[in-house]
Amino acid sequence: MSSAIRVEDLRVVRGGVPVLPGLSCEVAAGSVTGLLGPSGSGKSTLMRALVGVQKIAGGSIDVLGNAAGSASLRTRIGYMTQAPSVYGDLTVRENLMFFGRIVGVPDATNERVLAQVALGEHRDRLVSSLSGGERARVSLAAALLGSPELLILDEPTVGLDPVLRRDLWELFHRIAAEGATLLVSSHVMDEADRCDALLLLRAGRLLAHGTPRELRSRTGEDQLDAAFLRLVEGDP
Amino acid sequence: MSLRLTFAVALRVLRQLRHDRRTLALILVVPCALELILQQLFGRDSPVFQQVGTPLLGLFPFVTMFLVTSVTMLRERTSGTLERLMTMPLHKVDLLAGYAIAFGLLAIVQATLVSALAFGLLGLEVSGPEALVVALAVANAVLGSTLGLFVSAFAQTEFQAVQFMPAIVFPQILLCGLFVAREDMATWLRVLSAFFPLTYAYDALARTADDELDARFALDVAVVMSCILLAVALGAATLRRRTD
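Protein chains in written order, with the numbering used here: chain L, 1 to 236; chain D, 1001 to 1244.
Don't read these hints as lab results, they were simulated from the structure. Among the hints, a few may not be true.
[Claimed, not checked] Estimated spans, in silico, between C-beta atoms of each pair:
#: 1; chain 1: D; residue 1: D1211; chain 2: L; residue 2: A67; range: 55 to 61 Å
#: 2; chain 1: D; residue 1: P1129; chain 2: L; residue 2: G104; range: 41 to 47 Å
#: 3; chain 1: D; residue 1: L1234; chain 2: L; residue 2: D9; range: 34 to 40 Å
#: 4; chain 1: L; residue 1: S39; chain 2: D; residue 2: A1237; range: 31 to 37 Å
#: 5; chain 1: D; residue 1: V1180; chain 2: L; residue 2: G104; range: 49 to 55 Å
#: 6; chain 1: L; residue 1: E8; chain 2: D; residue 2: L1230; range: 39 to 45 Å
#: 7; chain 1: D; residue 1: F1007; chain 2: L; residue 2: E178; range: 27 to 33 Å
#: 8; chain 1: L; residue 1: G59; chain 2: D; residue 2: A1153; range: 26 to 32 Å
#: 9; chain 1: D; residue 1: L1213; chain 2: L; residue 2: E111; range: 52 to 58 Å
#: 10; chain 1: L; residue 1: K55; chain 2: D; residue 2: V1109; range: 37 to 43 Å
#: 11; chain 1: D; residue 1: V1180; chain 2: L; residue 2: K55; range: 45 to 51 Å
#: 12; chain 1: L; residue 1: A71; chain 2: D; residue 2: Q1160; range: 28 to 34 Å
[Claimed, not checked] Okay, the calculated bits of chain L under chain D, using three or more residues with CB under 8 Å as the criterion:
#: 13; stretch: 43-55
#: 14; stretch: 68-79
#: 15; stretch: 100-109
[Stated by the list, open to error] To list a few chain D residues with every Cβ distance to chain L over 10 Å, as calculated:
#: 16; residue: M1001
#: 17; residue: L1122
#: 18; residue: L1174
#: 19; residue: A1215
Glycine included, C-beta positions come from ideal geometry on N, C-alpha and C.
The shape of chain L in the complex, shown without the other chains:
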């Protein structure tokens, strides 16, 4: 399988501290890849570097055959930041209308993405009046607008109830089945099982890369939480 993302020796320094001291990894095209690790492990920094908004100190990042941050990628990538990056003083629909026009999709697309994130009935509410989880879904909907080939989603399921989380993971797999690639970060290990492949990050270093099954057999642990601990302690 070809790679949608190829990172080689990526180094990022923030405030004099190396956040990513030299990271190499790949994300297979058409996969739902989970980027897992505790908070502060560099997940968001890696994602920001992939979409081209993070200053990097070295290394190379290839995204869909282009250098990360290339202008040609801006219509091909959907990015959801960790904090919901939508306008609180606009309604849900007005937000989507704005981002949709920037991406260049017809206004009719809004209804499709609203249905995908199950926010149809809130379309005319101000985003500031929504709950945190609902706001995150508006932010996710905005990332889905242009039907991008690559979705970079920074903790899209945080604070959601289990039903919604399951529905969103099903949505991610449907989108992948249509040919897109998804990189989804989470600090909750129980989401790892929903991914085709995992990148485990800790303190800016890649701890492990593989399918959930491979990680289990490598560590001899049933629970991915325990497998993660094994890897951290360098047992296997």
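Chain L is fixed; fit chain D onto it per the hints.
The following block gives chain D in isolation, referenced to the frame of chain L:
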């Protein structure tokens, strides 16, 4: 630069303002109230009201739009929406021009309203065309807006952004010639004021009031326009796609 994207940004900014009725009301009502106070304070026929009324009318939009834009842009920077936009097919100039258009339109409403009041009811008189006062007020609003966009890059919080008003706007108002004619200022103040865009904005308004639409007036307008373009360029330079 794309007109489609620029208008999308302008429309969005106006929609945000429409949901914030209180800010909108303050922007429109406060200048009218201040102009009324000024007239009542000095009296309809006093030379002070006649002399200060017009420049003030033209400078209100500068002050309000400076504040509103710097806070709106700061929110854009801190909420992550700017980061999202930087990953999208939007040029920085589209964003800045969209802001300038939105606040310019708002300034047209604001300046028209306060002009109608001042010229229609309060008895303010200008020798030059009244419509030119409105046009200058709008130009000043766009200047304030673009300057606000630029300084928002240097604020981390809304408190700081608001403090730029006394730091950047007040010195310009003090030295523009409204309180003391520039010829009568200490040399260093006069030299300093020559570097402030508001000095030229004030001079253009004063000359319109006296119907002195001469070469100096043309220079004033040219300087204000150049400052708008310079502020947009500086603003674009502070909008970085890649940040720490």
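Closer than 8 Å Cβ to Cβ for three or more residues is the test here. Does the stretch 43-55 of chain L pass it with chain D? Three-residue rule met by the stretch 43-55 of chain L, so holds; n is 6.
Against the range 31 to 37 Å, how does the distance between the Cβ atoms of S39(L) and A1237(D) compare: consistent or not? Cβ of S39(L) to Cβ of A1237(D): about 33 Å, so the range 31 to 37 Å holds.
Per the hint of 39 to 45 Å, is the separation of the Cβ atoms of E8(L) and L1230(D) within bounds? Holds, at about 41 Å.
Hey, does L1122(D) actually stay past 10 Å from chain L on C-beta? holds (34 Å)
Using the C-beta atoms of D1211(D) and A67(L), is the stated range 55 to 61 Å upheld? holds (60 Å)
Since M1001(D) was said not to touch the interface, does its Cβ keep a gap of more than 10 Å from each Cβ of chain L? The assertion about M1001(D) holds, with a minimum of 14 Å to chain L.
Using a Cβ cutoff of 8 Å, are there at least 3 residues of the stretch 68-79 of chain L near chain D, or does the coverage claim fail? Answer holds; 6 residues pass the 8 Å Cβ test.
With respect to the beta-carbon atoms only, verify the hint that F1007(D) and E178(L) lie 27 to 33 Å apart. holds (32 Å)
May I ask you to test the hint 41 to 47 Å on the CB atoms belonging to P1129(D) and G104(L)? Roughly 43 Å apart at Cβ, these two residues keep to the hinted range, so it holds.
Is 52 to 58 Å right for how far apart the beta carbons of L1213(D) and E111(L) are? holds (55 Å)
A range of 28 to 34 Å was offered for this pair. Does it hold for the Cβ distance of A71(L) and Q1160(D)? Since the Cβ atoms of A71(L) and Q1160(D) sit about 32 Å apart, the hinted range of 28 to 34 Å holds.
Could you check the hint for me, namely that V1180(D) and K55(L) are 45 to 51 Å apart, CB to CB? holds (47 Å)
Hint compliance for this structure: no hint is broken.
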